[in-house]
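Protein chains in written order, with the numbering used here: chain A, 1 to 266; chain B, 1 to 430.
These are calculated hints, taken from the structure and not from any lab test. Model, not experiment: these values are computed from the prediction. Even for Gly, the Cβ is constructed at its ideal location relative to N, Cα and C. A couple of the hints might just be wrong.
Among chain B residues calculated to face chain A with C-beta under 10 Å, some are [said to hold, decoys possible]: (1) 18; (2) 53; (3) 256.
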Amino acid sequence: MTELLVRGARVSASCGGREPDPSLPLLVFVHGAALDRTCWQLQSRYFAFRGFSVVAVDLPGHGRSEGPLCASVEEYADWLAELVEAAGYHQAHLVGHSMGALITLEAAARHPGRISSLTLCGGAAAIPVHPGLLSAAQNGDDIAYRLMASWGHSRRSHLGGHPTPGLWMMGGSIRLWERTPPGVLASDLAACDRYRRGREAARQVGCPTLLISGSQDIMTPNRSANPLRNGIKTLAEVTIEDAGHIMIVEQPDRVIDALDGFLTGL
Amino acid sequence: MVDPKLLNFDTLSVHAGQHPDTDHGARAVPIYQTTSYVFRDVDHAAGLFNLERQGHIYSRISNPTVAALEERLAALEGGVGAIATSSGMSALFLAIATLMSAGDHIVSSSALYGGANNLLATTLPRFGITTTFVNPRDTDGFRAAIRPETRLVYGETLGNPGLEIMDVEAVSAVAHESGVPLMLDNTFATPVLFRPFEWGVDLSYHSITKFIGGHGVAIGGALVDSGRFDWTASGKFPTLTEPYPSYHGLRFAEEFGTQAFLIRARVEGLRDFGAPLAPQNAFYILQGTETLGIRMQRHVANTRAIVEYLSGREEVSWISYPELPDHPDHDRAARLMPDGCGAIFAFGIKGGRQAGRKFIKKLKIFSHLANVGDAKSLVIHPASTTHATMSSEQLEKAGIGEDLIRLSIGLEDPDDLIDDLSSALRASRK
Ligand SMILES: Cc1ncc(COP(=O)(O)O)c(C=O)c1O
Numbered sequence: 001m002t003e004l005l006v007r008g009a010r011v012s013a014s015c016g017g018r019e020p021d022p023s024l025p026l027l028v029f030v031h032g033a034a035l036d037r038t039c040w041q042l043q044s045r046y047f048a049f050r051g052f053s054v055v056a057v058d059l060p061g062h063g064r065s066e067g068p069l070c071a072s073v074e075e076y077a078d079w080l081a082e083l084v085e086a087a088g089y090h091q092a093h094l095v096g097h098s099m100g101a102l103i104t105l106e107a108a109a110r111h112p113g114r115i116s117s118l119t120l121c122g123g124a125a126a127i128p129v130h131p132g133l134l135s136a137a138q139n140g141d142d143i144a145y146r147l148m149a150s151w152g153h154s155r156r157s158h159l160g161g162h163p164t165p166g167l168w169m170m171g172g173s174i175r176l177w178e179r180t181p182p183g184v185l186a187s188d189l190a191a192c193d194r195y196r197r198g199r200e201a202a203r204q205v206g207c208p209t210l211l212i213s214g215s216q217d218i219m220t221p222n223r224s225a226n227p228l229r230n231g232i233k234t235l236a237e238v239t240i241e242d243a244g245h246i247m248i249v250e251q252p253d254r255v256i257d258a259l260d261g262f263l264t265g266l
Numbered sequence: 001m002v003d004p005k006l007l008n009f010d011t012l013s014v015h016a017g018q019h020p021d022t023d024h025g026a027r028a029v030p031i032y033q034t035t036s037y038v039f040r041d042v043d044h045a046a047g048l049f050n051l052e053r054q055g056h057i058y059s060r061i062s063n064p065t066v067a068a069l070e071e072r073l074a075a076l077e078g079g080v081g082a083i084a085t086s087s088g089m090s091a092l093f094l095a096i097a098t099l100m101s102a103g104d105h106i107v108s109s110s111a112l113y114g115g116a117n118n119l120l121a122t123t124l125p126r127f128g129i130t131t132t133f134v135n136p137r138d139t140d141g142f143r144a145a146i147r148p149e150t151r152l153v154y155g156e157t158l159g160n161p162g163l164e165i166m167d168v169e170a171v172s173a174v175a176h177e178s179g180v181p182l183m184l185d186n187t188f189a190t191p192v193l194f195r196p197f198e199w200g201v202d203l204s205y206h207s208i209t210k211f212i213g214g215h216g217v218a219i220g221g222a223l224v225d226s227g228r229f230d231w232t233a234s235g236k237f238p239t240l241t242e243p244y245p246s247y248h249g250l251r252f253a254e255e256f257g258t259q260a261f262l263i264r265a266r267v268e269g270l271r272d273f274g275a276p277l278a279p280q281n282a283f284y285i286l287q288g289t290e291t292l293g294i295r296m297q298r299h300v301a302n303t304r305a306i307v308e309y310l311s312g313r314e315e316v317s318w319i320s321y322p323e324l325p326d327h328p329d330h331d332r333a334a335r336l337m338p339d340g341c342g343a344i345f346a347f348g349i350k351g352g353r354q355a356g357r358k359f360i361k362k363l364k365i366f367s368h369l370a371n372v373g374d375a376k377s378l379v380i381h382p383a384s385t386t387h388a389t390m391s392s393e394q395l396e397k398a399g400i401g402e403d404l405i406r407l408s409i410g411l412e413d414p415d416d417l418i419d420d421l422s423s424a425l426r427a428s429r430k
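So here's chain A without its partners, still in its complex pose (with noise of 0.2 Å):
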């Protein structure tokens, strides 16, 4: 684990367990709402061993990281130009993953010396969230973390079939969303819903990005990253079969090999 600082707090995060190499290319996971570092665990493990050095960061008031959360994607992509900065890179490829690919893509365009690439796992322009599920969230109601795991997962990873011998993935999820702190989840959202930038960052992405997207994904369907393919000059695709929005942790071999792929051929 690495403690970095930026602005004043301290963030943590996991580097895959094998210390940073400042000779090699540092590769930041970004998680999505609610969540946290260990829904990277097996792709920063992976990389960490094979010449990448690996910061799978706690967003701002996530995980182990010091508050205070940021208020709006535009926000976290600032902080993450600055989280780049602290662990010692000028340049680091980016994977975000739903929330986190927002924030990466918004990154990638405000920020286009600090980014080498960009991987947006359940990317979209703009991630509309049902008004029933923030009204959940900012009652602090925990039915929200439910019907995050109902949407969030492809309806043959309800039945389990977790890659991981022995875990149980709906279980899983929603102990993660359980963990965080009071009022991130509704914060995490609301951030989500009021993004409207995405088609505009698109066209300001100069970076080879590939977009990984799970089949049943019902949160980012298909279709909602249209302007990603319209407006990113270098797009990549990657369709996971079976998989829902959370295909990072649903189906992560098949990220590995993509994220993999990706990255030998820039």
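Mind docking chain B with the ligand on chain A? Use the hints.
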């Protein structure tokens, strides 16, 4: 209000953890009777060994049939995952060995299954792990017994032999105040009757030999983690928070978060101590999980009928079942286990050791043996069998009177069971 469409208990008990097999479409969970698994390539092998890729390597550590059962049990208990073991006892040992080292200490309920009591009271002290036993009804007693080196508070959902029920939420709060988890043996209740993680329990384990299998054909155990306990915040669990030399200095809690305990228990505990569940036994127990919900309802219905019947018999001096108004934990049972307190209970027979012997001899449907939680009704009279070498005073100290008969009520027709008990009670007087 929007409605989360998550699958319910009886659906999960039939399906969780399994998809029809992709090669042949097998609907039942196939028995993967194999010790080992071919790697895709050299890099894939390296990834598996370094916990970057997921999958099976060797069946001491994981196996697809066993994994289906593990996921199903985790789903039913409401946890983040489970590890199935070769017996209930090995699940208990795996939990302890994953959490602690020589010098550490357990605070346990004194109302335990005999095997668990042996492990804690007699065997583990040889390895430097000691236990203080506390009356499960005495919440303050748990608090008073916790020491700086305590690493676990432990008990059974329904204690042995009196079906003692602790104040689970209060004991959980006591454990958490001291930065240690609460683990319960949930064998007697099963997740049908008690969902430990909804009441503040952190870890649970089962002898799946019993109701979860339900048929009495296979021994097995399962350890389930709620994923709620914060090992890092507690600071008392170096096995989960400090670098582990065996995986390049891996810190489990840092990288695996809510799954840290289960991953360490598997990659160290199953790897080094062994005792995995065999795939064949996992298959047998999977058959049991499919009917767990309806079976437990029938077990409870039969038990209630028999408890009522015995309450009216003059040969019976007392009955200990928490649904009876005179049971000390009656109110707690109504709150924690409204659907029933299982199918195992004890009663006193007038006439002591001799009457007990005659009673058992006359029973035709109840089998006289040392097990519980089977489709078949079972009976044991400890004073003339498992504890026959003990004097009356020793028995009394162990909380087992000479008159104590323990029944495990099966799935037979309750009228036949009552007829069987009736003739045996008559015989006990002769
Ligand atoms: C309550 C309880 N826990 C644990 C065990 C031990 O399980 P196993 O025999 O599967 O090792 C038993 C066995 O009788 C039991 O009754």
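Now for the hints, and whether the structure bears them out:
Taken as an interface hint, residue 18 of chain B checks out: its beta carbon lies about 7 Å from the nearest beta carbon of chain A, inside 10 Å. Because the beta carbon of residue 53 of chain B sits about 6 Å from the nearest beta carbon in chain A, less than 10 Å, this interface hint is met. For residue 256 of chain B, the interface hint holds, since its Cβ comes within 10 Å of a Cβ in chain A; the closest pair sits about 6 Å apart.
The structure fails none of the hints (numbered hints given earlier).
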